[in-house]
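**Student:** These are the residues of each chain, in order.
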Amino acid sequence: MFLINCPFCGERDQSEFSSGGEAHIVRPKQPTELSDDEWAEYLFMRKNIKGIQFERWNHAHGCRKWFNAVRDTSNDKILSVYKMGEKPPLNYK
Amino acid sequence: MPNYRINKTEYIDETKRVSFKYDGKTYFGYEGDTLASALLANGIHLVGRSFKYHRPRGIVSCGAEEPNAICQIGSKKDLTEPNVRATELELYEGLEASSQNCWPNVKFDIGGINNFISPLIPAGFYYKTFMWPKSFWKKVYEPLIRLSAGLGKSPTEPDPDIYDHKYVHYDVLVIGGGVSGIIAAKMAAKNNLKTLLVDDKKILGGSTIYQNNESIKIDDKLSSEWLKNEIQEIKKLSNLTIKTRTSIAAYHGYNFLLAKENLTDHLPEEKKKNKIRQRLWKIRAKKVVIATGSIERPLVFNNNDRPGILLSNSINKYLDYYGVTCGENIILFTNNDSAYETSISLHKKGIKNIIVDLRKSASSELIKQAESLGIKIYFNHVVTNTFGYRKINSLEIMKLSEDGNTTVGNKIRLSCDCLGMSGGWTPMVHMHTQSGGKLDFRDEDQVFLPKENSEDQISVGSCNGDFDLENIIDKTVNKINKFLDIDNQDYQDTNIICSKENDKRNIWLLPNKIPLGKTKCFIDFQNDSTAKDIKLALKEGFRSIEHVKRYTTTGMATDQGKLSNMHALGIIADTAGVKMGTLGTTTFRPPFTPLTFGTLVGRNVGKFFEVVRKTSMHEWHVENNAEFENVGQWKRPWYYPKNGENMHDAVQRESKAARDSAGILDASTLGKIDIQGTDASEFLNRVYTNAWSKLAIGKCRYGLMLNEDGMVYDDGVTTRISENHYLMTTTTGGAANVLSKLEDYLQTEWPELDVYLTSVTDHYSTASICGPNSKKILNKLFPNLDLSDENFPHMSFKEDKLKNINCRIMRISFTGELSYEINIESKYGHSLWKMCIEAGKEFNLTPYGTETMHLLRAEKGFIIVGQDTDGTMTPSDLQMDWIVSKKKYDFIGKRSLYRSDTIREDRKQLVGLLTDDPKEILEEGAQIVSDVKSKPIDMLGHVTSSYFSPNLNKSIALAVVRSGKTMKGQKLIIPMENKNINVTVSDTIFLDKENKRLNA
Ligand SMILES: [Zn+2]
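Protein chains in written order, with the numbering used here: chain A, 34 to 126; chain B, 68 to 1067.
Excised from the complex, chain B in its bound form:
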């Protein structure tokens, strides 16, 4: 097996060998490696196939910007993760990774044929081709594309890992632990500011930490040595927290940032167990220092995507940090000084290399150093083509013309096994723009820079466009002093020597003799878009960068165009003949690197997913087999199946029992609002449609509440407890909203009213007993209470004690039966319920759930707000004109009741429906028509509630139908998939129109 590990470094522990599997084969690396560095040490460059053309692709970078080395980690159904960048994944014993984007395997890839038919796959190909015929999309195109595009596999079982969330507050947050970030953090922390420094890597130091060129020095030390000292220093600072392996995912307004801390992803399987895998930090910082650095740009030339072609600085890092050389015969292709550092470092370790430089000449100290070492430099030359299928084996260069627009002279062919590209540096302005900052364009080196630094955030170092060390340190120190309003002198006398200069020759699309249509000059490696695609998009009329991006898919892959966006912009600007700065950029959206769902969700999984509200009687319902229904956050008994009953049978039994003898419902979830104050009556007058002033103490009244637009919003019964004290009930789901609406009116529109609202929903438990025998049961519970109709009539309220505990008893009915609601302090709710059940035994008191409740009220034609109404129903639409006071001058929604639209006669109105076949039960939501032959069929309305009534022995339904009020007796049709159901419009009250049962 080849070994490309040629250099000993302090970051690789060669005493700790680590075995791992890649595409099923076992390899070895060392502790300190990333998956990418370990693969390169084993001579593996080929790690995937490109998305569209299935071209072989190799590792390009050493960080978050990696477009190609994307892998699937693990193979378990619950623990497998796609789209992991091998360049960021730390190696651990037992790691299993496989390449994505290749089927059947990386070396023989069936989609590779796309490479040969690529002239047929231009920009917008997918939009243009797979649109037709439509029926082909689902069955043919999509499965094929998915199979061969290989976007990775999601786990199919729940994630067993533990994730965590943490909220923190800091005076200063520093993002990025390179030179400038370390300086900023030190300055802040030493000035008594509580500071957090985060860096996504395992150790601090950025790219300076492995710098070893003698001509780049700080205070007479190698810059890397100097920085290591600084790191030792800041670790001693007590008010500085340092978090490595922590990356900022999003920068929101008001300096609210989300960071992901990786805690176990680098540990072997057995050490991961029972530990928190990732932690999401929710950070509020008074000030944020962005020191995220910059990433090297590739160069755009023909066949610039072969395995073995990397960014030049990445070659340097693999060598000096990981001890791995990316080849033995390397060519560096550059337009600036950076590649010379790589070249000299390679040279020192005995790796033969030559430089191809776009510039006509250059004369910095660094270049002189390279020349003196005898490194061959081709100035004013350009790479025009590369060769080699699974890995680069040679390339061609040509001389550039004076203006750089064409090539001249003869091709020179050079053999190599690795090519480094350096197109200069792109400041990482993502954080700045995510925070709302704007960008400026600097023409001389063609970079976007943070435009203004606000008082809340600032960019320093190379993310601010300062590329040479002297500039970085000086400017960072000055800016931080100003930004934090401090006067730190630590770096006053720091002496910096840097042999690098900043000049560069920027050409976005490098010239070539071959026509562009026949070249493959890749811009976006991951999404396979080329310079040709961009030009085609422009030719087809696209101008906006956002449109070109979507049409060509440039920058839309998982790397979000970190390497590609600048070139796309540059080529658009060049082609369209406009200045690049005028084009703007695409939006930099969070997250900066992908986040797992686990991190976002944290501990809110399983039973912690949502708050669950249970009534005091809940345990009894569970013990008695209730099936539950979620109503908002509440768990409500839905029905109580007995002896294997299904829902229908249980509901039929419960409904019949409630009307034949007695039923009991847990009504604790109804919203309850305590209303007190001298203006309480006036307040109710204003919020309900009916009149309240004359309601006697001890009486109850049903009320309907509208929105200001006249539409029904909520309903419920309110009881007058004393002169200035009412208890309002609301629907279960509407409780919180009703309270906040009422508060809104009280605080903003009617502050003069003396009214106080308190939510008491959770304070009381409610058992509602109905049916002809309910009075007898009540008599057993409250033997001293006079239950006669004279003393305790329908719609009235009494207080009594149950074993010395106060109860509020309302005689009100939502079923049409004689009915009592007993309210007791919640802690006694369970006992109350059990006593009711005990007392009701001899009367077959049957517990019923929400489904039976719905059925019973439907028999009586009582509406349920939210089921029979949908925010477009007025009281009149519901045939409830009787509850709207004509006398009251004003109430919420009154004026809207006679807007031109609300008085239309042909609005949808609530009606009853009876099926011609009494056994046929309608589907709720089914459409209603009068004629199935016309085309298009005129839709008249829909079914809102539908049940089989055991008490009437027939199917009943409520529906909203256009002009329904006038249609009683009329035949209508419910067209279903297989049949048309004939129905007749009826009254909404199906049972006991005379209300005899209320006083049975």
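Isolated chain A (complex conformation):
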């Protein structure tokens, strides 16, 4: 059970959060201009890597805010959290 540091509320138990999958997938501004393949890329394709992963989390049973987290999936350590709209910390690739 993770301890997650909500950027708005502080450290809380994982059970208060819901995970929203991979971060930094921006909804295309003009979906109608996209080919089926391009749209499918946005809609379906997600990374599932062993190592540093950028994820979206929602403090669902708390402040209800969405935020991003950097997690090492090999040991589940959350290395950093940052607000929506902020750039991911540079030291993680």
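Everything labelled a hint here was simulated from the structure, so no lab data went into it.
Beta carbons are placed, not taken as given, at the ideal position from N, Cα and C, and that holds for glycine.
Be aware that one or more of the hints could be misleading.
Unchecked claim - Below are the EDC-like pairs computed for lysine to aspartate or glutamate, each with C-alpha atoms no more than 20 Å apart in a straight line:
#1 K954(B) <-> E66(A)
#2 K961(B) <-> D70(A)
#3 K233(B) <-> D46(A)
As the list claims (entries may be wrong) - Ranges between beta-carbon positions, derived for each pair:
#4 N791(B) <-> E49(A): 30 to 36 Å
#5 D1059(B) <-> K116(A): 50 to 56 Å
#6 Y115(A) <-> E694(B): 48 to 54 Å
#7 E49(A) <-> S997(B): 49 to 55 Å
#8 D554(B) <-> E119(A): 39 to 45 Å
#9 K110(A) <-> H715(B): 57 to 63 Å
#10 S86(B) <-> E49(A): 22 to 28 Å
#11 Y115(A) <-> D541(B): 44 to 50 Å
#12 K110(A) <-> N791(B): 41 to 47 Å
#13 T106(A) <-> S86(B): 32 to 38 Å
Based on the hints, put chain B with the ligand in the right spot on chain A.
**Tutor:** Only chain B with the ligand this time, still in chain A's reference frame:
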């Protein structure tokens, strides 16, 4: 009756005699005993039959690793527990226990015949044999195996005991209260760290607490005396909490651990009453010190499983802690120094014993002590066989060859009534690996050790592979100082004298003249797997330890291979000719010892099992006989049976009344989201498929919401309350998900929009009144409100007061009837409902439940998201193209509506079905075909909604059918178990296609 209690100890209170029943017979023990020690005091070793061969089995150990002494406690239907280890169960007055794994009884066991046909039961036997013929499995094999395997009995009635959960936070958690755990806890607590020390036993002290060899001393005291002082000291520390009878069940990430505290399992029946039985501790610790110790290894030789064969250290504990000797003529078989402690202790209490040592020689102080006491030692010898059916009575030893691979010389037969085995020690690395830690293999004594200690957790003491006392204390002190970043000097001058040395001669499978195929060298006692089975698995091509484990079932019993895994690995490595460290280990999964369901569930039973949401009108529904349906967490009235009606009759009556005069539905559970902000209209444009900008203030509109994949996600009516204020309704079950989805888009994709969402589902209660007389009822309730179609048309909204309380009234319809929804603050919901009922009396206003609601909307062909849709239906599939805006540039899911797959013409599409026999009601979920003769039959779709309509006097159904849109009028077949039902594809709207009733 024999009495093997020969030693007085401070842990057994001989003034307190305790009677208990074992397999129906009454025995006596003392307060302080475990069931196992009390049985041994009564001379009982035989406690069960082995799983596969039904061989007699005895107590092997004195702790959690026990594979054989597994019993069923109690015999009541609600209070009986299987798989309890007698070695851990504290004795109490009136305890009733029985042996498992034997039918009809422990002394005469019908399955014992398996022992003689055992050459026919090799590894994988069950996989190979019971596979064929298939039909035999359920009726013949399974009942037989279950009956004779005796996996214990579950209680058949609800557990009356009370269980508890507790959340705690500590700076430091120390697991295990042996020497190293006590030192660690003391150091942490004395340095102002809030510390919790847990130990699964009744008292602290581990195996040092009963140590009484004069050659093992700390500060000139017996190590046990020294430790008792330490324990007294730490009990005085104010920021140290000590929990005994508490075992860690699981070590999860981020130092989150689950512990089970036993509170009443050791108490007699009358003292258990009304007390919490077990408490699950949910612990968050900043740092965790693992000091779980080690367990002694058995040795693998022919017939190493007879009753009377125990681990050597367990013999020692039974003697020095419980005062019980396991025999009167004992042989200790060892490959290391530990057994000498047992031997000397036995000798001092007058128990004759001899030692068989695999080592060629050894010369520690401890061995010299044994020699000087005149204890006979056979160095460089190996036990090759044992004898005795219900208990060991003798054994054979032979000399080992130089390389240890074979035996040489003549057999020597020695008589005995007990054999102790000591194969060295296995560090308990379970906690370390559960926390995600990796292991290293130490070749010199063949043990797996915690590889790295992280900044969150550390292993100390023998679970870290430090076996001698000096090492244990020194290293623990150094490591804890570093780990906690403190500088504790308490043990700086501690003087330790330990006469034991660490050398050992490790041979996983001991040599024998008899071919392996004819021996019974047990590795896993509980699951009856032998060295032969492991070798067979290797021969058949299995290589991975995980595969060998599953194929031979080694380590898969309730003890999870605590005694067996190392030997299995060792034999695999030896046979395959690889280094043991390269094989890895099987996964150490939680729980460490079995947990009861009660502990896991805690107080969340009965009415606390799940949150229940009730509307303000709930009490009225209860008083008026409603049957309820669970919709998510909500309790919704399902139907209101009158005068013994069944569901069908009630629903028919309710549906007819709603269309003939008036019906009333509690619609409070519909999700309600308050939307405000200058961009509210734009936001709705983006989340719904239809256009919202032009919706006038005071008007309502139905909306369909898609997922980004184009599939229908939710629907509902949204009302424009004012320029920048809307009230959205969602499906009952979808409310929470819709809100979080909308928040997601607002916060992450469209942060530029000025929109605020608030869930107001619980703020308002809703009574929905429909039917041709609904307007008259509304007029009685709101006499000042102009209800004319001109002033208050369909799909519009008004505010008015009911006895000075504000109401929001929407004229919207989910039934196709003239219909009004009255929303009022929840605290007035019950009054509102009662006033509606009162006002509606003269019009036969009939309360109806969800079933009637479903029927009425089906007559009109309105979909229910989640019933007629399943996450694969587009608006077009539902024949709802009319609600998808062609003009809007974008909305959630729009682009997906013309992906190659979503524009396929042969997708499953919503249609109506009419049965040829109007009385025949289809089953929801039934498959639809066009031809029952072809093979395989082509499945076209399935029925999603089906009812008998009292208003049409015929059966109606909605269904999804491949290319259904083009099939109107076509005949299809619903094949059922006993018949084929003929149906015709129809329009989805069965009643009032012209919508006349909306303005009736
Ligand atoms: Zn938060």
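**Student:** Decide, hint by hint, whether the structure agrees.
**Tutor:** Outcome of the hint check:
1. K954(B) <-> E66(A): Satisfied, since the Cα-Cα distance of roughly 15 Å is no more than 20 Å.
2. K961(B) <-> D70(A): Cα-Cα ~15 Å, so holds.
3. K233(B) <-> D46(A): holds, 15 Å
4. N791(B) <-> E49(A): 30 to 36 Å: holds, 32 Å
5. D1059(B) <-> K116(A): 50 to 56 Å: holds, 53 Å
6. Y115(A) <-> E694(B): 48 to 54 Å: Holds, since Y115(A) and E694(B) (Cβ atoms, about 51 Å apart) stay within the stated range.
7. E49(A) <-> S997(B): 49 to 55 Å: holds, 52 Å
8. D554(B) <-> E119(A): 39 to 45 Å: Because 41 Å falls inside the window, the suggested range holds.
9. K110(A) <-> H715(B): 57 to 63 Å: Between K110(A) and H715(B), where Cβ atoms are some 58 Å apart, the hint holds.
10. S86(B) <-> E49(A): 22 to 28 Å: violated, 51 Å
11. Y115(A) <-> D541(B): 44 to 50 Å: Given about 45 Å between the Cβ atoms, the range holds.
12. K110(A) <-> N791(B): 41 to 47 Å: holds, 44 Å
13. T106(A) <-> S86(B): 32 to 38 Å: The hint (32 to 38 Å, Cβ to Cβ) is violated, given that T106(A) and S86(B) are roughly 57 Å apart.
In summary, the numbered hints that this structure violates are 10, 13.
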